[in-house]
Structure formats: structure tokens, C-alpha cells
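A.B. asks: With chain A fixed as given, assemble chain B onto it according to the hints.
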Amino acid sequence: MAMSQIKQVVDNTLPESAVSTRNISKNYGDVEALKNLSLEFPRGQLTSLLGPSGCGKTTLLKIIAGLLEPTSGTVEVNGQTVKGPGPDRAFVFQDFALLPWATVLRNVAFGLEMRGVAKSEREAIAEKYIKEVGLAGFEQSYPHELSGGMRQRVGLARALSVDAEVLLMDEPFSAVDEQTRRKFQEDLLSLVQHENKTFIFVTHSIEEAVYVSDQIAILLPRPSRVHEIIRPSNFRSKGVDNIRRDPEYLDIVDEIWASLRTYVE
Amino acid sequence: MPDRALLLKLLSAVILFGAWEIAGHIPISYAFPTFLESMSAMFRMIADGTMIDAYAETLRPLVVGVAISAVLGIAIGLWIGLSNFFDWLFSPIFIVMQAAPLAALIPLLVLAYGIGLTSKVLVVCIMAMPVIVLNTAGAVRNTPESLKEMGRAFLASEPSIILRIIIPAASPVIFAGLRLGISAGFIGAILAELKITPTGVGDIITYSRSIADYPSMYAAIFSIILLAVLFLNLLERTETLLFKGNERGYVSD
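If you're matching them up, the sequences are chains A and B in order.
Heads up: take any position in the first sequence, counting from 1, add 5, and you land on the working numbering.
Heads up: take any position in the second sequence, counting from 1, add 156, and you land on the working numbering.
Hints are supplied without guarantee of correctness; some may be wrong.
To be verified - Taking lysine-lysine and the DSS-like style, the derived pairs with C-alpha atoms no more than 30 Å apart in a straight line are:
#1 A:K124 / B:K304
#2 A:K136 / B:K351
#3 B:K165 / A:K202
#4 A:K88 / A:K188
#5 A:K133 / B:K351
Stated by the list, open to error - Pairwise CB distance ranges, derived in the manner of DEER restraints:
#6 A:E144 / B:D204: 54 to 60 Å
#7 B:A223 / A:E37: 52 to 58 Å
#8 A:R227 / B:W244: 48 to 54 Å
I should point out that these hints are in silico values taken from the structure, not numbers from a laboratory.
Glycine included, each C-beta is placed from N, C-alpha and C at the ideal position.
If we strip away everything but chain A, and leave its shape as in the complex, we get:
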């Protein structure tokens, strides 16, 4: 069967984990959002958390970020137990979370400002990343003057500028239009390739997950658990233009949909 070919045997050729979650449970009152969830996130790779709405993927991401406390279980980043937000992780928000009263430059430099980096230094770093995400010339603009896609580029530049090892992205492209999203996905691939960072990416789009991920963790809801881990093998090396018609890409998309469809109301 095709499925068995797709599923790569997870063996010891995997790089070591940058982030691991161990037996994470999270209850909201009587509701079990996450139950006994353990996952490994290999260093330097992009792992997607994919699942139907309400499967707790954002909750898990926020627990890794240190923004939420798990009811039980631990998160380790580079072997260190997470007790709250830390300099080793940066977050990209679904709704961008930009300060509307601050210019693009100040928004991007916000993380550095909070770390106590001197003004001239943090502005130089911010300018570099603004250029890198393709927003050169918009340093003095305010968020309301930018399009949705440009706003998320600001959010991305802010996360990159603090130079954290782990980049946590919470459905970062869901609020931008389809064409911008495709461009973002391509840019993300080259980012993963060139920046030596570990990416954890929450999405509800199957195609997006398969397109950008080195590893896809499929979560099923109520209570959330890891259903399956898929590691696409080699279609990414064939170049961004060929990914979407690669047979393996199409098979994985179909397979994931087959396992998720019963959980979608």
C-alpha cells in the first residue's frame, strides 16, 4: 500500500531534538485540552502541528513558548526545562500582534528593546531584518498603513531580530490572502534552509503543512493526542516549483485528509 511507502521509518538518523515535550497535559476546568502528549522537535528542521480546530495545537505551541502552564508534564529546550518565556524562543502571532502606535522599526526592535539592547544597536539590527523580509523603505510606516501580508512580515522580522534558536509560529499565514501565503511559504522554505533555527509551525492547512514541513505531527482532538508523525522524504530537494506536483506530496496530502476527515464536523 502506498501509505507504508510514504511513512518513513523514524530511526536514529534523526538529528537531536531542540525541543521535546514530555507527557504534557492541559486541562481547562473539566475539559482536557491536551493529554499525555510527547513530541520531539528535531534541531534545524521545521515541524508542523496539524489537526482539526479544537485539537489543542495552539495550546501546545503556547505551552512550548512558556505563555501557558501545562497542568502536568514538562517542555525542554536544549535540555533545559521551560518555566516561562525565554530568549531561546521567539513567537510569530496569528493576528500579528503589532503595536499600532509604533512604527515598523520600533515594532521590529521591540524584542531587543525589552532585552535592554541600546537604541542605535537595536535599530541597526531591526533595519537589517526589515530589509531581509522585504520591507526596506517602510521603517517609518505605521502598521495600519501596511497590507495584511506586510504586517506579518513585520511580525516575522520581530521574531527573527531577537535571534532565538526556536521560532514558534501560530498559524502565521492564515490571516493573509492566498497569493501572499504562497509567497510566504516559499520564503519560509528558504528561511529554514539558511537560518540555523528550529521551526515549530501550527497550521490547519494540510497542503501548507506538507509543503513546508520536514516533519508533520498530526494531532487529533478531545483530548488531544499525537495520531501520527509523518516525515516527507525528498520532494523538497526538487525545487519549490515542483513540490506541488510531486506524487509523494500529493499522496501525503490525501493520506492526511483521510485520517482527519472523520474528525471534521
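C.D. replies: Just chain B, lined up with the frame of chain A:
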């Protein structure tokens, strides 16, 4: 086009004052002077110093009361907005204060604090503070959750989150509260002078009414409205200067 806005403002002023002039000429009441009579009374009082002295008297409780209300009101509002416990403790006081018929409370204040500056400052505060406190508290409580989360994710300390995120995010509503509070403070200052002891502008109003010098009475009323409008405009300028990107609202809305 700023010229057009200015033109419209001037036009509406001309229409209003024109209507006032005509109404004074009909006359709609024996006690209703024309616009020009009122204006000449005003300039006469400014020239002979009556008006200047009156404002020196009136502005004291007004400025002190408004300053106390603004500083204390924003501080208490921030506190209420940040803590459920203080919300439970303090909110009812300000809701009652806002709903209470102030004129009925004035005898009580006079009984407790006499007829001096204290009572008048208190009247201004009771008028101005509740709306400032309640607006600030509401705005602070409604800070977008994702902005606060963003602050924490990027390692902002608790004071930094309050100073760099919550206060700027709440500032449009805080300023709206300040505007309402300060206009209420103006009402309070005049009310105090009419109800406690006739001094300052309140004295001009009371005295000129008692001797049927209606132009002077209306001049005094007009001048205090004019002052309030000018002050509120100044406040608005300050706001736009302080929080430039805020005028267009939230990008994530």
C-alpha cells in the same frame, strides 16, 4: 483639506451666533440679550479686569480638581483594570459617585469641609473623577490579549507591559474619559460657585442676574464654554502628538 475644515467651523459659528443675534432681537425673552450685546459686555469685563479676577478665582478649584482627578483617576483606573480585587473593592464607589445627584450632596460637603477651596475642589473631583476612573479601568481590562502575550513572549517585564503596551493601548479610551471628565469638571466648578459661595465666574452669573444685567450673565456663561472647548482641543492635540499611530485604530481589528 484643513482649510475646508476650518471654513466649516467658521460657518457653523457664524450660523450659531447669527441665530443668537436674531433671537435676541425678536426678542424671545426679555432676559435674552443679543450676541453682540453679550460680546461687548464680555470685552468690557475683560478690559476692566472683572473677568480676569473672576477667572483667577474660578480656575483655582477647577485646575486643582481636574489635576487631582486626572492623576488619581488614571492611577485608580489602572489599578482597577489590572486587579479583580480592586475592581470589586473600588468600582462600586465610582459607579455610585457617577450616578449621585451632586447638587443634593453639596450641603453635606459644606457641612464637612466648610465653604472654602476644599469643598469646591471636591465638587470638581466628584464630577470629573468617576468617568476618568471607569473609562481607564474598562480600557485597561480590554487590552487585546495577543498584545499582552506578545509582550510576555518577547520578555517584557511586568512594568514594561503596563507602560509599553497596556497604557498606550488604552490611551484612546483614557483620553475619551479625560475629555468627558474635564468637561464635567468645568460644570462642577461653576456648580460649586453657584451652590456654595458665589465667587469668580459663578459670582458674575449670580450677581448680574440679580441686577438684570443679562448681557454680562450670558457673557460669563459664554466665556466658560469657550474656555472648556479650547481646553478640550488642546487635550486632543496632546493625544495625537503622544500616540500617533493610534488615530487609525487597531490593525488586528
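A.B. asks: Indicate, hint by hint, whether the structure satisfies it.
C.D. replies: Hint check results:
no.: 1; hint: A:K124 / B:K304; result: 22 Å, holds
no.: 2; hint: A:K136 / B:K351; result: 65 Å, violated
no.: 3; hint: B:K165 / A:K202; result: 58 Å, violated
no.: 4; hint: A:K88 / A:K188; result: 35 Å, violated
no.: 5; hint: A:K133 / B:K351; result: 65 Å, violated
no.: 6; hint: A:E144 / B:D204: 54 to 60 Å; result: 58 Å, holds
no.: 7; hint: B:A223 / A:E37: 52 to 58 Å; result: 53 Å, holds
no.: 8; hint: A:R227 / B:W244: 48 to 54 Å; result: 35 Å, violated
Taken one by one, the earlier hints fail for this structure at numbers 2, 3, 4, 5 and 8, listed in ascending order.
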